[in-house]
Amino acid sequence: MQCDICHKEAATVHLTEIINNKVTKLHLCENCAREKSAEMEEHFGLADLLSGLADLVPVTTKKGKSPSLNTGADIDVGIKCPSCSFTFQKFRKIGRLGCPNCYDAFRSQLSPLLRKIHGYDRHTGKIPNKKEVVKDATVLLGDLKARLTKAIEHEEFEEAARLRDQIRSIEKKTKPEKNEVKSNNKKGKK
Amino acid sequence: MNLEELLHKRSEWLKGTGPKSDIVVSSRVRLARNIDKFPFFNWAQPKQKEGILALVKDAALKSKFLKKTMFLQMKDLSEIDRQFLVERHLTSPEHVIDPQYKAVLIDDQEIASIMINEEDHVRLQILQSGFNIIEAWRMADEIDTDLGTRLPYAFSDRWGYLTACPTNTGTGLRASIMLHLPALVMTNQIGKVFQAISKLGLTMRGFYGEGTEAVGNFFQVSNQVTLGRSENDLIEKIGSIVDKLVQREESTRNILMTKNKDEISDKIWRAYGTLKSARIITSSETIKLLSVIRLGVNLGVVTGINGTQINELFMLTQPAHLQKIEGKILNPNQRDYKRADIIREKLKG
Ligand SMILES: [Zn+2]
Ligand SMILES: [Zn+2]
Numbered sequence: 084m085q086c087d088i089c090h091k092e093a094a095t096v097h098l099t100e101i102i103n104n105k106v107t108k109l110h111l112c113e114n115c116a117r118e119k120s121a122e123m124e125e126h127f128g129l130a131d132l133l134s135g136l137a138d139l140v141p142v143t144t145k146k147g148k149s150p151s152l153n154t155g156a157d158i159d160v161g162i163k164c165p166s167c168s169f170t171f172q173k174f175r176k177i178g179r180l181g182c183p184n185c186y187d188a189f190r191s192q193l194s195p196l197l198r199k200i201h202g203y204d205r206h207t208g209k210i211p212n213k214k215e216v217v218k219d220a221t222v223l224l225g226d227l228k229a230r231l232t233k234a235i236e237h238e239e240f241e242e243a244a245r246l247r248d249q250i251r252s253i254e255k256k257t258k259p260e261k262n263e264v265k266s267n268n269k270k271g272k273k
Numbered sequence: 034m035n036l037e038e039l040l041h042k043r044s045e046w047l048k049g050t051g052p053k054s055d056i057v058v059s060s061r062v063r064l065a066r067n068i069d070k071f072p073f074f075n076w077a078q079p080k081q082k083e084g085i086l087a088l089v090k091d092a093a094l095k096s097k098f099l100k101k102t103m104f105l106q107m108k109d110l111s112e113i114d115r116q117f118l119v120e121r122h123l124t125s126p127e128h129v130i131d132p133q134y135k136a137v138l139i140d141d142q143e144i145a146s147i148m149i150n151e152e153d154h155v156r157l158q159i160l161q162s163g164f165n166i167i168e169a170w171r172m173a174d175e176i177d178t179d180l181g182t183r184l185p186y187a188f189s190d191r192w193g194y195l196t197a198c199p200t201n202t203g204t205g206l207r208a209s210i211m212l213h214l215p216a217l218v219m220t221n222q223i224g225k226v227f228q229a230i231s232k233l234g235l236t237m238r239g240f241y242g243e244g245t246e247a248v249g250n251f252f253q254v255s256n257q258v259t260l261g262r263s264e265n266d267l268i269e270k271i272g273s274i275v276d277k278l279v280q281r282e283e284s285t286r287n288i289l290m291t292k293n294k295d296e297i298s299d300k301i302w303r304a305y306g307t308l309k310s311a312r313i314i315t316s317s318e319t320i321k322l323l324s325v326i327r328l329g330v331n332l333g334v335v336t337g338i339n340g341t342q343i344n345e346l347f348m349l350t351q352p353a354h355l356q357k358i359e360g361k362i363l364n365p366n367q368r369d370y371k372r373a374d375i376i377r378e379k380l381k382g
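In order, the protein sequences belong to chains E and F. Numbering-wise (our numbering), the first sequence opens with residue 84 and increments by one. Numbering-wise (our numbering), the second sequence opens with residue 34 and increments by one.
Since the hints were derived computationally from the structure, they do not count as laboratory data. Possibly wrong hints are sitting among the right ones.
Heads up, simulated DSS-like pairs for lysine-lysine below, C-alpha to C-alpha not over 25 Å straight-line [as the list claims (entries may be wrong)]:
| # | chain 1 | residue 1 | chain 2 | residue 2 |
| --- | --- | --- | --- | --- |
| 1 | F | Lys292 | F | Lys277 |
| 2 | E | Lys199 | F | Lys232 |
| 3 | F | Lys70 | E | Lys163 |
| 4 | F | Lys294 | F | Lys321 |
| 5 | F | Lys108 | F | Lys90 |
| 6 | F | Lys309 | F | Lys294 |
| 7 | F | Lys53 | F | Lys42 |
| 8 | F | Lys379 | F | Lys42 |
| 9 | F | Lys371 | F | Lys321 |
| 10 | F | Lys90 | F | Lys80 |
| 11 | F | Lys321 | F | Lys292 |
| 12 | F | Lys309 | F | Lys371 |
| 13 | F | Lys42 | F | Lys101 |
| 14 | E | Lys199 | F | Lys270 |
| 15 | F | Lys70 | F | Lys95 |
| 16 | F | Lys361 | F | Lys379 |
| 17 | E | Lys163 | F | Lys80 |
| 18 | E | Lys255 | F | Lys270 |
| 19 | F | Lys42 | F | Lys381 |
| 20 | E | Lys173 | F | Lys80 |
| 21 | F | Lys300 | F | Lys321 |
| 22 | F | Lys80 | F | Lys95 |
| 23 | E | Lys173 | F | Lys70 |
| 24 | E | Lys176 | F | Lys70 |
Using the sequences and the hints given, assemble the complete structure.
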């Protein structure tokens, strides 16, 4: 099958796009897929691209060669999620994870991938309004403060400022009754 | 409330009342959430899918923010009704494929909707008219916080809200702003805008039409990054960039009106003439012409018709809407007749 864009190379990346409520299939060569990747994030989900672009998922190959798609014998991509028995191999193929626990199971493989997609591999936003998570926030705070110290040491001031804001916002969330009077419409009410 | 009532009602986001609504059509915030201890929807067992559906439905119906809502199971709806919901932006095209165990909850103003069992178990969406992204986020946040007290969300300290696709993980937030940028297109600035946007961690795509061609000059700008930035940061960033785009479109419109007023007016009136007299018209031609008239209304060239009416025509001339108005299935050719009829009727003045 030839690439739908350049009509020269063989199509190795197969995408489904939904435009104007119509499902469209695209068959692209690697180069054209890469070029298209910027515009397609929203609807393709970058994940669909993974099927063709093996190097987007940096797999730790012991033998120092890129894993072939056919063997399926590669030990590192064969890791299984203990909760849903999804394999990392399967994730690479379809770009979707099996269950929330997959994130833990494939932690070391996902971390560089998430960094590649988002530029970061650590959440800094909202935390669910649950008691046990509030407890976890203290752990998170300790971690953040350690990173802040490190960032200052390395003179990464932009990162440091970000961490500081994050620490403040978490501190605010975990003890809301202390410093603030909340209006009825604002978030954070208990 | 039922679907038939929606047909004769104007969605909140179509009122065209929000800030900068001459350029910004709508602002949307979507949050992706999953229930802990369940597989993601696509891999869950039927019993689990049923369980999630019941759990989320119950949690949502108990919300004080969702008092007046309509709960619709996809399997109970006809093909046209499902498409109708997609056309009203109340559900995603993906959500209506394979309807088993899927549902959507819609509030009576069509501002909030919750898709249950899409790719993620919960997808909460807030859709506002005009440039209202902060308000959309505030509402989404409020409803999400409330739902979170009854739903055990899958969440990790490190990676935030866990989603089926790693491109959504973290905040699970996708903010999308729909813009009408005819002046930037006419003056060939849009290519540069595309380039700049992609360098800023945002994506931009034509809203109608395929590939890079944007029928009617409607564009959707969304955040690409969901992890490692707070929701407020993400909203602020897309807001400030869209603000710049709006200013650019505004100043370009002013320049066009000073330098090319006659040509612009001619173009607008011709579009108006065609729409008022056409007997058969395709959806693509309709979008193109309505886009020109929308510009005309906002530049004060065309009078006697307002932005709300234009927005309504965009909505009503879509395939499922036409078929619901007619009350029967129409093939594409029949739709082109019906579409022209409705437009002539609405523009009669
Ligand atoms: Zn190609
Ligand atoms: Zn799993």
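Results for each hint:
With a CA separation close to 22 Å, the supplied pair lysine 292 (chain F) and lysine 277 (chain F) stays within the 25 Å bound. For the suggested pair lysine 199 (chain E) and lysine 232 (chain F), the alpha carbons sit about 14 Å apart, so the restraint of at most 25 Å is met. Using a Cα cut-off of 25 Å, the hinted pair lysine 70 (chain F) and lysine 163 (chain E) holds, with the two alpha carbons roughly 16 Å apart. As the CA atoms of lysine 294 (chain F) and lysine 321 (chain F) are separated by approximately 20 Å, the hinted pair is consistent with the 25 Å bound.
The suggested pairing of lysine 108 (chain F) with lysine 90 (chain F) holds, with an alpha-carbon distance near 15 Å, which does not exceed 25 Å. Taking the CA atoms of lysine 309 (chain F) and lysine 294 (chain F), the gap is about 22 Å. The hint holds against a cut of 25 Å. About 23 Å separates the Cα atoms of lysine 53 (chain F) and lysine 42 (chain F), which keeps this hinted pair within 25 Å; it holds. Taking the CA atoms of lysine 379 (chain F) and lysine 42 (chain F), the gap is near 15 Å; set against the 25 Å cutoff, the hint holds.
For the proposed pair lysine 371 (chain F) and lysine 321 (chain F), the alpha carbon gap of about 18 Å is at most 25 Å, so the pair holds. For the hint linking lysine 90 (chain F) to lysine 80 (chain F), the alpha-carbon distance of about 15 Å falls within 25 Å, and the restraint holds. Between lysine 321 (chain F) and lysine 292 (chain F) the alpha-carbon distance is near 23 Å, which keeps this suggested pair within the 25 Å criterion. For a cut-off of 25 Å, the pair hint linking lysine 309 (chain F) to lysine 371 (chain F) stands: about 14 Å separates their Cα positions.
With a C-alpha separation of about 15 Å, the suggested pairing of lysine 42 (chain F) with lysine 101 (chain F) holds against the 25 Å cut-off. Taking the CA atoms of lysine 199 (chain E) and lysine 270 (chain F), the gap is near 20 Å; set against the 25 Å cutoff, the hint holds. In summary, the hint linking lysine 70 (chain F) to lysine 95 (chain F) is supported, as the alpha carbons are separated by about 22 Å, within the 25 Å threshold. At roughly 21 Å between alpha-carbon atoms, lysine 361 (chain F) and lysine 379 (chain F) fall within 25 Å of each other, so this suggested pair holds.
Only pairs whose Cα atoms come within 25 Å are accepted, and lysine 163 (chain E) paired with lysine 80 (chain F) is accepted, the gap being roughly 23 Å. Taken as a hint, the lysine 255 (chain E) and lysine 270 (chain F) pair is honoured in the structure, with Cα atoms around 22 Å apart against an allowance of 25 Å. For the hint linking lysine 42 (chain F) to lysine 381 (chain F), the alpha-carbon distance of about 20 Å falls within 25 Å, and the restraint holds. A C-alpha spacing of about 23 Å is found between lysine 173 (chain E) and lysine 80 (chain F), which places the hinted pair at or below 25 Å, so the restraint holds.
Of the supplied pair hints, the one linking lysine 300 (chain F) and lysine 321 (chain F) holds, its CA atoms being roughly 12 Å apart against a limit of 25 Å. For the hint linking lysine 80 (chain F) to lysine 95 (chain F), the alpha-carbon distance of about 23 Å falls within 25 Å, and the restraint holds. Note on lysine 173 (chain E) and lysine 70 (chain F): the hinted pairing holds, with a Cα-Cα distance of about 20 Å set against a maximum of 25 Å. A hinted pair counts as satisfied when its Cα atoms are at most 25 Å apart, and lysine 176 (chain E) with lysine 70 (chain F) qualifies at roughly 23 Å.
The structure shown violates none of the earlier numbered hints.
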